[in-house]
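J.: Positions 1 to 252 (the working numbering) are the ones given, in order, by the sequence shown.
Treat the hints as calculated values from the structure; they're not laboratory data.
If you're wondering where the values come from, they're calculated on a predicted model, not measured in any experiment.
Backbone N, C-alpha and C fix where the C-beta goes; we use that ideal spot for every residue, glycine too.
Any given hint could turn out to be false.
Unchecked claim - Here are the simulated lysine-lysine pairs, BS3-like style, with alpha carbons at most 27 angstroms apart:
{"hint": "1", "residue 1": "Lys71", "residue 2": "Lys20"}
{"hint": "2", "residue 1": "Lys86", "residue 2": "Lys71"}
{"hint": "3", "residue 1": "Lys90", "residue 2": "Lys71"}
{"hint": "4", "residue 1": "Lys132", "residue 2": "Lys71"}
{"hint": "5", "residue 1": "Lys132", "residue 2": "Lys20"}
{"hint": "6", "residue 1": "Lys237", "residue 2": "Lys20"}
{"hint": "7", "residue 1": "Lys81", "residue 2": "Lys71"}
What the hints assert, rightly or not - Label-pair distances were calculated between CB atoms; the ranges are:
{"hint": "8", "residue 1": "Glu165", "residue 2": "Pro106", "range": "24 to 34 angstroms"}
{"hint": "9", "residue 1": "Tyr24", "residue 2": "Glu142", "range": "13 to 23 angstroms"}
{"hint": "10", "residue 1": "Cys76", "residue 2": "Glu142", "range": "32 to 42 angstroms"}
{"hint": "11", "residue 1": "Arg83", "residue 2": "Asp247", "range": "43 to 53 angstroms"}
{"hint": "12", "residue 1": "Tyr24", "residue 2": "Cys76", "range": "16 to 26 angstroms"}
{"hint": "13", "residue 1": "Asp107", "residue 2": "Ala4", "range": "42 to 52 angstroms"}
{"hint": "14", "residue 1": "Leu131", "residue 2": "Gly158", "range": "26 to 36 angstroms"}
{"hint": "15", "residue 1": "Val122", "residue 2": "Asp23", "range": "14 to 24 angstroms"}
{"hint": "16", "residue 1": "Met80", "residue 2": "Pro251", "range": "12 to 22 angstroms"}
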Amino acid sequence: MAVALSTLVAEADRYLGSAKIADYCPNGLQVEGRPQVMRIVSGVTASQALLDAAVEAGADLVLVHHGYFWKGENPCVTGMKQRRLKTLLKHDISLLAYHLPLDLHPDVGNNVQLARQLDITVEGPLDPDNLKIVGLVGSLNEPMTARDFARKVQDVMGREPLLIEGSGMIRRVGWCTGGGQGYIDQGVAAGVDLFISGEASEQTFHSARENDISFIAAGHHATERYGVQALGDYLAKRFALEHIFIDISNPI
Numbered sequence: 001m002a003v004a005l006s007t008l009v010a011e012a013d014r015y016l017g018s019a020k021i022a023d024y025c026p027n028g029l030q031v032e033g034r035p036q037v038m039r040i041v042s043g044v045t046a047s048q049a050l051l052d053a054a055v056e057a058g059a060d061l062v063l064v065h066h067g068y069f070w071k072g073e074n075p076c077v078t079g080m081k082q083r084r085l086k087t088l089l090k091h092d093i094s095l096l097a098y099h100l101p102l103d104l105h106p107d108v109g110n111n112v113q114l115a116r117q118l119d120i121t122v123e124g125p126l127d128p129d130n131l132k133i134v135g136l137v138g139s140l141n142e143p144m145t146a147r148d149f150a151r152k153v154q155d156v157m158g159r160e161p162l163l164i165e166g167s168g169m170i171r172r173v174g175w176c177t178g179g180g181q182g183y184i185d186q187g188v189a190a191g192v193d194l195f196i197s198g199e200a201s202e203q204t205f206h207s208a209r210e211n212d213i214s215f216i217a218a219g220h221h222a223t224e225r226y227g228v229q230a231l232g233d234y235l236a237k238r239f240a241l242e243h244i245f246i247d248i249s250n251p252i
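Can you make the complete structure from the sequences, with help from the hints?
T.: Spelled out as structure tokens, the structure:
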């Protein structure tokens with residue numbers, strides 16, 4: 001069964017509320033392909049490897065969290081950008097990308113989906129006074145040691161996370177997927193025992209150590225695999241389409 005590209009894009013825009021969210025890139029349809037969609041391929045980033053895999057899979061549309069045309073980037077269509085766009089245009093494949101709208105969504109969002117993977121009960125925003133901060137805060141059903149929780153993360157993510165271990169048990173958790181390590185200070189203010197993100201910066205170590213909380217960096221790519229899968233599943237169910245998630249391995 002096929003659906004019009006315009007219909008699918010309109011539903012994704014509506015569902016994510018993307019028009020209301022200021023971002024660092026255009027959200028929605030970034031490259032227009034064939035007018036009918038039967039098969040969606042989703043992935044975290046619209047890399048050349050994902051595009052090649054989508055061509056091989058016979059995709060009509062590629063759905064990603066990290067698309068193109070970021071603020072401040074060189075607008076010239078040369079090199080890597082030229083090769084990526086050429087692949088999409090040559091094979092008449094659309095590119096649909098959602099960044100912050102996919103982080104923020106209360107059902108298919110990256111942060112909510114990560115909580116479900118790790119059995120964290122969502123309690124609310126990391127900073128209720130600043131809703132531009134994407135992270136969330138929640139709790140575990142039973143207290144755990146930081147090392148036990150890190151092992152759980154490893155089992156779920158399939159990769160060993162970076163752990164900075166505090167002295168206390170883990171009950172209250174703050175998190176922001178991807179490059180959200182800078183929100184660790186908001187986590188401290190919210191009284192968390194553990195803050196989780198995808199990446200770590202040099203100063204993250206000191207913030208965790210000096211505030212005696214635990215910190216886990218589980219991988220930018222790894223922590224953001226789940227939102228785009230959930231959105232792809234939603235669209236596939238909504239329009240009776242085929243959806244394939246392709247995980248292009250990325251250790252970062």
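J.: Give a verdict on every hint.
T.: Comparing the hints with the structure gives:
1. Simply put, Lys71 and Lys20 have alpha-carbon atoms about 18 angstroms apart, close enough for the 27 angstroms limit, and the pair holds.
2. Of the pairs offered as hints, the one joining Lys86 and Lys71 holds, with about 21 angstroms between alpha carbons and a cut-off of 27 angstroms not exceeded.
3. At most 27 angstroms may separate the alpha-carbon atoms for a hinted pair to count; Lys90 and Lys71 meet this at roughly 26 angstroms.
4. Between Lys132 and Lys71 the alpha-carbon distance is near 18 angstroms, which keeps this suggested pair within the 27 angstroms criterion.
5. At roughly 12 angstroms between alpha-carbon atoms, Lys132 and Lys20 fall within 27 angstroms of each other, so this suggested pair holds.
6. This hinted pair checks out: Lys237 and Lys20 have alpha carbons roughly 25 angstroms apart, not beyond 27 angstroms.
7. About 15 angstroms separates the Cα atoms of Lys81 and Lys71, which keeps this hinted pair within 27 angstroms; it holds.
8. With their beta carbons about 31 angstroms apart, Glu165 and Pro106 fall inside the hinted range of 24 to 34 angstroms.
9. The hint said 13 to 23 angstroms for the Cβ distance between Tyr24 and Glu142, and at roughly 38 angstroms that hint is violated.
10. For the hinted restraint 32 to 42 angstroms between Cys76 and Glu142, the CB-CB distance of approximately 54 angstroms leaves it violated.
11. Take Arg83 and Asp247: their Cβ atoms lie about 21 angstroms apart, and the range 43 to 53 angstroms is violated.
12. Take Tyr24 and Cys76: their Cβ atoms lie about 19 angstroms apart, and the range 16 to 26 angstroms holds.
13. For Asp107 and Ala4, the hinted distance range of 42 to 52 angstroms is not satisfied, since their beta carbons lie about 24 angstroms from each other.
14. A C-beta distance of roughly 32 angstroms is found between Leu131 and Gly158, which places it inside the suggested range of 26 to 36 angstroms.
15. Take Val122 and Asp23: their Cβ atoms lie about 22 angstroms apart, and the range 14 to 24 angstroms holds.
16. Remark: the range hint 12 to 22 angstroms for Met80 to Pro251 is upheld by a beta-carbon distance near 19 angstroms.
Of the numbered hints listed earlier, those contradicted by the structure are 9, 10, 11 and 13.
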